[in-house]
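K.L.:
The lines below spell out each chain.
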Amino acid sequence: MTMAKAIAPRPLATGALLLVLAAAGAAGVAHARPQDPEAALLRVWAPDNPSDRRLASADQPPPLTAEGAKLLAQRLAERKAPDPQFDRTRWCAGPGMPRIMLMPYPFEIKAERGYLAFLFGWYRWYRLVDMSGQEPQFELPTTMGYSAGRWEGGALVIKTTGLEDETVLDASGLPHSDQMTLTERLRVLPDGHLEERFTIDDPAFYTRPWTAVATYHPAPAGIVRDDICPDRIARGEPAVAGRGGPQ
Amino acid sequence: MIRLGKAAAGASALWLALQGPALAQAFSLPPTPEAPGRAPSEPRYLGGMWDSERFFFQIENPPLSPDAKAKVDGYRAAMKSGKILSTAWTSCRPGAVSAMVMAMNSIMVLQSPKEITLLFEEPRLVRHIRIGGTHPRRLAPSYLGDSIGHWEGDTLVVDTIGYNGDFELDAFALPTSRKLHTIERLTKSADGKRVDVQVTIIDPEHYSRPFTASRGWKVSGQRHQLEYDCMENPREEEFSKAYFIKDRYRPTCMRYEGEGTAMSRIVCRKPE
Numbered sequence: 400m401t402m403a404k405a406i407a408p409r410p411l412a413t414g415a416l417l418l419v420l421a422a423a424g425a426a427g428v429a430h431a432r433p434q435d436p437e438a439a440l441l442r443v444w445a446p447d448n449p450s451d452r453r454l455a456s457a458d459q460p461p462p463l464t465a466e467g468a469k470l471l472a473q474r475l476a477e478r479k480a481p482d483p484q485f486d487r488t489r490w491c492a493g494p495g496m497p498r499i500m501l502m503p504y505p506f507e508i509k510a511e512r513g514y515l516a517f518l519f520g521w522y523r524w525y526r527l528v529d530m531s532g533q534e535p536q537f538e539l540p541t542t543m544g545y546s547a548g549r550w551e552g553g554a555l556v557i558k559t560t561g562l563e564d565e566t567v568l569d570a571s572g573l574p575h576s577d578q579m580t581l582t583e584r585l586r587v588l589p590d591g592h593l594e595e596r597f598t599i600d601d602p603a604f605y606t607r608p609w610t611a612v613a614t615y616h617p618a619p620a621g622i623v624r625d626d627i628c629p630d631r632i633a634r635g636e637p638a639v640a641g642r643g644g645p646q
Numbered sequence: 020m021i022r023l024g025k026a027a028a029g030a031s032a033l034w035l036a037l038q039g040p041a042l043a044q045a046f047s048l049p050p051t052p053e054a055p056g057r058a059p060s061e062p063r064y065l066g067g068m069w070d071s072e073r074f075f076f077q078i079e080n081p082p083l084s085p086d087a088k089a090k091v092d093g094y095r096a097a098m099k100s101g102k103i104l105s106t107a108w109t110s111c112r113p114g115a116v117s118a119m120v121m122a123m124n125s126i127m128v129l130q131s132p133k134e135i136t137l138l139f140e141e142p143r144l145v146r147h148i149r150i151g152g153t154h155p156r157r158l159a160p161s162y163l164g165d166s167i168g169h170w171e172g173d174t175l176v177v178d179t180i181g182y183n184g185d186f187e188l189d190a191f192a193l194p195t196s197r198k199l200h201t202i203e204r205l206t207k208s209a210d211g212k213r214v215d216v217q218v219t220i221i222d223p224e225h226y227s228r229p230f231t232a233s234r235g236w237k238v239s240g241q242r243h244q245l246e247y248d249c250m251e252n253p254r255e256e257e258f259s260k261a262y263f264i265k266d267r268y269r270p271t272c273m274r275y276e277g278e279g280t281a282m283s284r285i286v287c288r289k290p291e
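Line order of the protein sequences matches chains A and B.
So in this note's numbering, spot 199 of the first sequence is number 598, and the numbers just go up one at a time.
So in this note's numbering, spot 63 of the second sequence is number 82, and the numbers just go up one at a time.
Honestly, the hints are just simulated from the structure, not real lab data.
Some hints here could point you the wrong way.
Calculated lysine-lysine pairs in the DSS-like style (CA-CA distance at most 25 angstroms, straight line) [what the hints assert, rightly or not]:
id	chain 1	residue 1	chain 2	residue 2
1	B	Lys133	A	Lys509
2	B	Lys212	A	Lys509
3	B	Lys265	B	Lys88
Could you build the full structure based on these sequences and the hints that come with them?
P.N.:
Pasting the structure below:
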């Protein structure tokens, strides 16, 4: 299978956060393997296109089922009205995965023995990736789900299940069910940017697995600060940067 | 739409706080056969997953100043009349020291030579402790303050200043001010299965002398944390019973139940 659109290797294409739909399992661009791929990941990253929080675009739509398309259409219409109810970030509830990776905030990746941790710049969220080699174990679905990672060559591959269905995939409101399996493939490109490929496998709303790609650039240490969403709303500021205030 | 019966937020967090350990136990994940990375032989290694030994919702016998005692007595009277205290903790913005004295469920510790990072499951909070160095001369007041750590023998001593005074120490709303200074001492047991946590609170604005809360963490058998989504479900009826310690804890978002076939709606507004 070939990718629908090639990733511009350098410089990054404008709008690189938007991303490329590709058939699941499509081969990536060949790059030299970093000597220590984990060490290359461990730093602060910021999205290359922080204004674009969509996982897919109208000209490259995801393979929605009829039910998925209907739900998305409802949400796109609801977004134009006050207080859209599908968007729980509006009241500072958890964005979930993969949406939090697309929000216009930096995040830091840190390591602990047996774990990787993503510390996000939005409202004290973080996620842990179990690197023990075991499959995710869970009984209660959560917004971040349960993540298990492994290294495949120079790429970190994270499988996440146990994702509750009240979150959306991105700011447009792309739906998912609690049966979704999210597979992420992260690697640091030769130009120093971080590439992350998200593969969504969710037969409840999509006719086949599909993949989108986001890129991030290195950001200064210390910019992932404590963020208190309800304080922002109390000041009349948006719950998520770039949004026009409480809606 | 929000499902009824989901973990509630806001004022109901106190209920959750009191029920949390039982809930956590009911839904506890199976222990993993081995926990890679655990290094019980390294006394200065605190990294890995820990569980709060028990949930403390109050600090016993704090040496309150007369003014602070009058306030706290008033809060207790409100509770006795059926009100639920709404604090920074229940309004989803606790301070770092509140998490240390009221930690629930698990705490993930990331340790490197330059920093120890504490990831609290509940209340959800990410706390950074720099190893070595000094506090900056100028600090913007914050919920977490500025934390620096050093080792005294095998005890990690954490010194924190720069708090914003916008949170309480416990569920009974023990007050804090911008003069708050905390010194925490974390010591791992010889068998590596427990961390003794001593939290010393110094705040001359509200307390006549320094005092210490003793807490403990035990090694966790879990590989994954659950999560606490405090703002998930701001139910209107919960706030009707609230006694707001400060006006700033009044809800900015609230779920209004629909009448008849109408769906409930969550609406956010800047307070008047």
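K.L.:
Hints broken by the structure, by number, lowest first?
P.N.:
none
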